[in-house]
Amino acid sequence: MKTIGYIIQKEFKQIFRNKAMLPLIFVLPLIQLIILSNAATFEIQHIKFSYVDHDNTSFSRALIDKFDASSYFNVITHFSSGKDANLAMLKGEVDVILEIPSHFERDLLKDKKINLAVIINAIDGAAAGVENVYINQIIQNFNKNVSVNLLQPSDKKFLPKSIVSIPSFWYNKTLNYKTFMVPGILVLLVTMITLFLSGMNIVREKEIGTLEQMNVTPIKKYQFIVGKLFPFLVLGMLLLTVGLVIAKVIFNIPMVGSLGLMYVYTVIYILVILGMGLFISNFTDTQQQAMFIAWFFVVIFILMSGLFTPIESMPQWAQYLTEFNPIKFYVEVMRMVMLKGSNFTDILPLFIKTLIYAIVMNGLAVWSYKKTN
Amino acid sequence: MKRFIGFITKEFYHIFRDTRSLFILFGMPIAQVMLFGFAITNEINNVNIAIFDKSKDATTQEIINKITASKYFSNKQFITNGAEIESVFKKGDIKAVLVFEKDFSEKLIKENKATVQIITDATDPNTANTVNNYVSSILQKYQQETNKNIKPVYQITPESRMVYNPELKSVFMFVPGVMTIILMLVSAMMTSISITREKELGTMEILLVSPIKPFQVIIGKVVPYIFLSIINAVVIVLLSIFIFKMPVQGSLILLGVQSVLFIINALSLGILISTISDTQQTAMMISLMGLMLPVILLSGFIFPISSMPVPLQIISHVIPAKWFIIILKGIMLKGVGITILWKETLILVAMTVFFIVLSIKKYKIRLE
Amino acid sequence: MKEKNVIQVKNLTKKFGDFTAVDNITFEVKQGEIFGFLGANGAGKTTAMKMLIGISKPTSGEANVADFDVYTNPEDIKKNIGYMSQKFALYDDLTVKENITFFGGIYGLSKSIIKQKSEALINELGLQEVANELVGSLPLGWKQKIAFSVALLHNPKVVFLDEPTGGVDPITRRQFWEMIYKNAHNGTTIFVTTHYMDEAEYCDRVSIMVDGKIEALDTPKNLKKQFNVENMNDVFLKLARG
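Order-wise, the sequence lines are chains A, B and C. Count along the first sequence from 1, then add 1461; that gives the number in my numbering. Count along the second sequence from 1, then add 71; that gives the number in my numbering. Count along the third sequence from 1, then add 15; that gives the number in my numbering.
Looking at chain A on its own, in the form it has when it is part of the complex (with noise of 0.2 Å):
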């Protein structure tokens, strides 16, 4: 036991004497986690919004006002020609073009139908979508002022039927983007830290000498392991606890659900981190490998977690490699704690797997780790 306290003060001293590495490991993160929570949306507003008008009356004026009008849209120009307008497109000046066609009030008042021609660029393709929808209601709203303006009572059956879709955002009324992303990037940036520190220590020591000597001593392997992970741990857990402190006064995330809870998951989740980075540090030769090895773990796990895409869109097979991305359970597990207010035994299921991972990663850690080649 004592050992153990031996190693871990050794750790301690030599991560805080390392003055290069102190503010990657606080500052950096902290910034990050300030700064990029704010991209992480996937709201439609300000599309680049434009239009040619071969109409030009105070009718297709209107229409354009419509636009003009909605938040979603940023009028930003309009083009005298189809072409101008598609040159635009290409070069990504707009997304958007509305093309009104000549005599646009006059044939709608004689033939009582007309086309509406919209260019969407769907290079995002999600978005694309989104934006259509928008357009449809703006234009359907339009439409129906029209008829109720033009229309005798006696035609008013034929007005067009409209179903109007009332969306409603459970536990997360204002759908708040942020809500989600603050916890979910503050997981990822501990996860990073974590991952790297443990993945490079011990075969840094391999590449200076220091685990040669180590390997001489009596000391055991769990203890030279358990030594190892418990000031990352710490690590870990501060840079948690500083990075929820921010999600709280700057962010105002809520926390509905208990923060203890919360902090006896986070302890599993690293040590399951730590176990990974450990085993790999076990493997490799350099650094460099370490490195690398960490790294590609890590975009895997990041992109296919859940937070940026929805795991139910991938196909099958991926669905089940995610069964093997901790930071899958942990945002999992974070959005029913944190925002629905889930107790310990609805998350229950995803504290086993994650407790089982974890013991097996530092078991293999331990075993991967030879004191004698």
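Hints may be right or wrong, so weigh each one.
[To be verified] In the DMTMM-like style, the derived pairs of lysine to aspartate or glutamate whose C-alpha atoms are separated by at most 25 Å in a straight line are: (1) A:K1463 / C:E134; (2) A:K1544 / A:E1560; (3) A:K1634 / B:D124.
[Said to hold, decoys possible] Calculated from the model, a selection of chain A residues having no Cβ within reach of chain B, i.e. all distances over 12 Å: (4) I1469; (5) Q1470; (6) D1526; (7) D1529; (8) S1623; (9) E1673; (10) M1675; (11) K1681; (12) V1695; (13) L1722; (14) N1834.
These aren't lab readings, by the way, just hints derived from the structure by calculation. Where is the CB? At the ideal position from N, CA and C, for every residue including glycine.
Following the hints, complete the assembly by docking chains B and C onto the known chain A.
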């Protein structure tokens, strides 16, 4: 010149003799591109929903059929009272509950409007928003169909044309981003440890004493990695084209040239990082911690930059990845050429020059 | 002092694939001896030593250190030996005092003993001024002496030194050997590898390894007589050529 070639040759040997790292350098990006191309998508499939139909008439039935017939949703159960909604969400399986109001058909005929409540579990705002949009879209389509059957009276019909990506494939949006991220991170990582390794091993002093000029050292270190990254980039592009069916509407040659430009950009960023780090550990922490999240989040890879708050949009201008993604999408999906992309290209060139000049300056300072 | 064998090696072999680094060596080391394990670079000295200190498993053969078998009880061996590696292996980012405290603690010494030994060590080596300086900032000779002393903190039966005098000036080398003598006099067995043939003169007995085999094993005096030369350097040259 001969010394310079000798130096470059040494760098090549370093790299190619480390087979483990080589395997990682090539194998991993490929694995990631494959994985992400298939797994990262906004499209939804078989999302579990529940339906609370207060009307149970022909119209609601039609609409429900349309919804369940689509591949997007899977109706797991019918709810019969409001209290069930909460428990259904708590279990976690159902992502949305659709509530059709009473006397739906009647209201539609008499008052010309009827409502559907789309209740989503917004603890995952992404899915909630997407589900909401998809359902709205289906409802809108149904509405349009119904209205077509009415004797058209003052009917304005928008006809939307989706350009550059008519099938709204998610892959088209993400693959350029994935390419960019991987090229950038691998290149920056590789070179950032390159110089710091020499520093740590002590061989840097040998270089300092040699007659090789600082700028030769810098460029000499970048050259072998250029070749490596080009191979990586080619493989990734091939994968994108043949497996993910990404088109290349524009010029392949321009694509190649731009990719090389971006690779050099990322590599020089790596060199810059290495000049400000004393140990490999520091260099790697900066390249990974410092670059990973900002590049993923601010480059327009997943989240549209135009939706971000203005200060962030300004910051995104500093991220080289952002410009390259625009270039990639432009060439592959829009089919544009240098006449349209000159601005972005120039910015990348300027950034590259900046990184290299700064690196040489910092390297010189160390000499003194 | 009893003439007990503290290291016993019989037919010890280590192969890496097709390459035989240590080829069937046999020798003993008595308690209190200064045993020089000589050979050119790459002769297999370090590989052999690694097997004796329990961090490398032999391919075949037998070996006992401090009455423990290297196959079955490597961890017990480690309790009874000290080691100073080629790279000196102290933590550069810890101070002198902190290094001593750390290794003392790892070997299970009590706090009071660590304190006592720490003071003694610092005084003996004249390191009072730099006791709280980071080891990384010290000159090589000092690091080497500290590393040696740290290896002896827990009073091991045998101390293994791997090329301990690499890269230091002759005066420091001499001082180092004085330290070795002192400790051997107190009963510690010293097992030292080196490729400096003149250091062989300082040892009680030496063995010379050539290409994995032990080609000579005797006192320096006897070896010089045997090969009819004036110094150990020439003994080695004759062996290497022959």
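| request: Decide, holds or violated, for the assertion that all CB atoms of chain B are farther than 12 Å from the CB of E1673 (chain A). | output: At about 18 Å from chain B, E1673 (chain A) clears the 12 Å cut-off, so the statement holds.
| message | Does E1560 (chain A) sit within 25 Å of K1544 (chain A), going by the straight-line distance between their CA atoms? | response | 11 Å, holds
| said: According to the definition I'm using, a residue is off the interface if its beta carbon is farther than 12 Å from all beta carbons of the partner; does K1681 (chain A) meet that for chain B? | reply: About 27 Å separates K1681 (chain A) from the closest Cβ of chain B, which puts it past 12 Å; holds.
| request: Find the nearest Cβ of chain B to the Cβ of I1469 (chain A) and say whether that gap is larger than 12 Å. | output: 20 Å, holds
| Looking at M1675 (chain A) again, its CB stays over 12 Å from all of chain B? | 19 Å, holds
| task | Find the nearest Cβ of chain B to the Cβ of N1834 (chain A) and say whether that gap is larger than 12 Å. | result | 17 Å, holds
| message | Checking a non-interface call: every C-beta of chain B should be farther than 12 Å from the C-beta of Q1470 (chain A). Is that right? | response | At about 21 Å from chain B, Q1470 (chain A) clears the 12 Å cut-off, so the statement holds.
| query | Beyond 12 Å from chain B, beta-carbon-wise, is L1722 (chain A)? | reply | 16 Å, holds
| query | Any Cβ of chain B at or closer than 12 Å to D1526 (chain A), or is the non-interface label fine? | reply | Non-interface label on D1526 (chain A) holds, nearest chain B Cβ at 15 Å vs cutoff 12 Å.
| message | Would the hint linking K1463 (chain A) and E134 (chain C) be met if the CA-CA limit is 25 Å? | response | Satisfied, since the Cα-Cα distance of roughly 21 Å is no more than 25 Å.
| If you draw a straight line from the CA of K1634 (chain A) to the CA of D124 (chain B), is it 25 Å or shorter? | 23 Å, holds
| message | For D1529 (chain A), is the shortest CB-to-CB distance to chain B above 12 Å, so the non-interface label stands? | response | 17 Å, holds
Hint violations for this structure: number 8 only, all remaining hints satisfied.
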